[in-house]
Amino acid sequence: MADRKKERAQVVSQEMLADGIYSMWLQTEAAGTARAGQFISLYTNDAGKLLPRPISICETAKESGKLRVVYRVTGENTGTRQFSELKAGDRIDMLGPLGNGFPTGRAAGKKVFLMGGGIGVPPILELSRQIECGKKQIIVGYRDSQTFLRDEFEQQGEVYISTEDGSVGTRGNVMDTVKELGLDAEIIYACGPAPMLRAIKAYAEAGQIECYVSLEERMACGIGACLACVCKSKEKDPHSNVHNKRICKDGPVFLSTEVEI
Amino acid sequence: MDMQVNIAGVRWKNPVTVASGTFGSGEEYSEFVELGKLGAVTTKGVANIPWPGNPTPRVAEVYGGMMNAIGLQNPGIDLFCKRDIPFLRKYDTKIIVNVCGKSVEDYCEVVQRLAGEDVDMLEINISCPNVKEGGIAFGQNPKAAEEITKAVKKYAKQPVIMKLSPNVTSIAEMARAVEAGGADAVSLINTLTGMKIDIHRRSFALANKTGGVSGPVIHPIAVRMVYETAQAVQIPIIGMGGIACADDAIEMILAGASAVSVGTANFYRPSAALEIVEGIRGYMEKYGYEKVKDMVGLVK
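First to last, the protein sequences are chains A and B.
Sequential numbering from 1 applies to the first sequence in the numbering used here.
Sequential numbering from 262 applies to the second sequence in the numbering used here.
It is possible that part of the hints are untrue.
Unchecked claim - DSS-like mimics (lysine-lysine), calculated; alpha carbons at most 30 Å apart, straight line: (1) Lys274/B / Lys6/A; (2) Lys236/A / Lys554/B; (3) Lys561/B / Lys6/A; (4) Lys249/A / Lys351/B; (5) Lys5/A / Lys274/B; (6) Lys363/B / Lys232/A; (7) Lys415/B / Lys274/B.
Hints listed in this document are in silico derivations from the structure and should not be mistaken for laboratory results.
All of these numbers come straight from a predicted model, not from anything done at the bench.
In isolation and in its complexed conformation, chain A is listed as follows (with noise of 0.2 Å):
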């Protein structure tokens, strides 16, 4: 059926979390069917920045049929500075849900980690919301002291914080709070920077950890055309006939042995 289409969403509130990061409520129908893991892609209102920017899901409340984006401004006259500007009633076109999200019915009854670094955090508070599961540990990774989203994850499980300047938490990663406080799980969910997600595929690898990474890399079309967003995939894959997945069509989320990072 040819019936899907952009939508032309609804700004229902705007706010600063920290320098740089915002945090955006929508109202859309995507609401009603987004899971943890999924993106968006969000357009500008400027017709000169032509290409979406796919964006992680934070939160979702079916019943109202809202949406939550946090997202980070990347720089001055950027997409994502255009959409800090837009305040409660503006319009913003968008398509989505996009791509397929966590696992999150492999984790039922095991000890878990819910792992997100930097602007790779977002996605987690969706997870950590939706999953059902053993013990619930939520390690999150940030620059600075700025710990966005913190007491909502409270709120959710065991949060264990990592900062890079060492101001709250481990100082480090994500790994490095596992290493310190010696924690351990059965099933890992990982978002955030290649390297962090690298250094948790060798971590999950080694203890034969199942282990779900949600990749990201610079779109286009957003739904598995332009092959513009692949990664190396382990084995040959059999749409592509190579070793390339698509992150927007086949992830964002894959498992962790499937993809080289």
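Using the hints, position chain B against chain A.
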């Protein structure tokens, strides 16, 4: 009023297709676009064997457009014939298969393979700026372009469209060369080679360093090149390059294109191609044109 066009003997229901590489083989976009309402679907380039493409990042935005250096990642002709052609055949639209290769033999192998397949036209990509060998090597030298056209024409059972590069001194000369080689039509323009530098990281925005610029920013260049080509050859022209709305498409037709192709606009408005079909219809009604061909090349 009749929206149909005849491109090298193939009748499209309207003059609008989608540009190779922006639409996969249609499957992903079929959730957004009724493929049966397009004049034709032009597939992403396919080679004799699977190609992995370039490292990432493969795309970057530029103001009013974008750059890409995908590197012609494709699953190879075998899987393409098994999966993509049967998928597209379910829809009432024409199938144009874009063919890429690294040598004349590669191109001919794919063309020969497609001779036995139920597809309507072939578009030979001699203009991809993002692969080191092949592609553009044939698209910047008139003699090489003529030779490869002759070679593929020996094997082709479907009409052959040669896709031309704008990264040349005279696109008219290239068009004349492929016409002399026996091309049934030409399509233009492919992307313009560009470069973008990330000033904060002090590195190239694309892993490939250079990439092809597309989108509205290149539209006036494409219109000029379609016009020049229309003055130079008798074969039909499929015009493309930054078409984002019906007005852009009509400009191309008035400059000499018999049909048009929508590319980058698909990425930010999946409905763009169908809106353009309706927009051309509206223009024809407004100005009283009975057939699309009555408008082709009207501005001289």
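Now for the hints, and whether the structure bears them out:
Between Lys274/B and Lys6/A, the direct Cα distance comes to roughly 26 Å. Compliance with the 30 Å bound is thereby established for this hinted pair. The suggested pairing of Lys236/A with Lys554/B is violated, with an alpha-carbon distance near 47 Å, which exceeds 30 Å. A threshold of 30 Å between alpha carbons decides the hint, and for Lys561/B with Lys6/A the separation of about 39 Å lies outside it, so the pair is violated. Our distance criterion of 30 Å between C-alpha atoms is met by Lys249/A and Lys351/B, whose separation comes to about 23 Å.
The straight-line distance between the Cα atoms of Lys5/A and Lys274/B is roughly 24 Å, inside the 30 Å bound, and the hint therefore holds. A C-alpha spacing of about 23 Å is found between Lys363/B and Lys232/A, which places the hinted pair at or below 30 Å, so the restraint holds. Between the alpha carbons of Lys415/B and Lys274/B the distance comes to roughly 28 Å, so the proposed pair stays at or under 30 Å and holds.
Hint violations for this structure: numbers 2, 3, all remaining hints satisfied.
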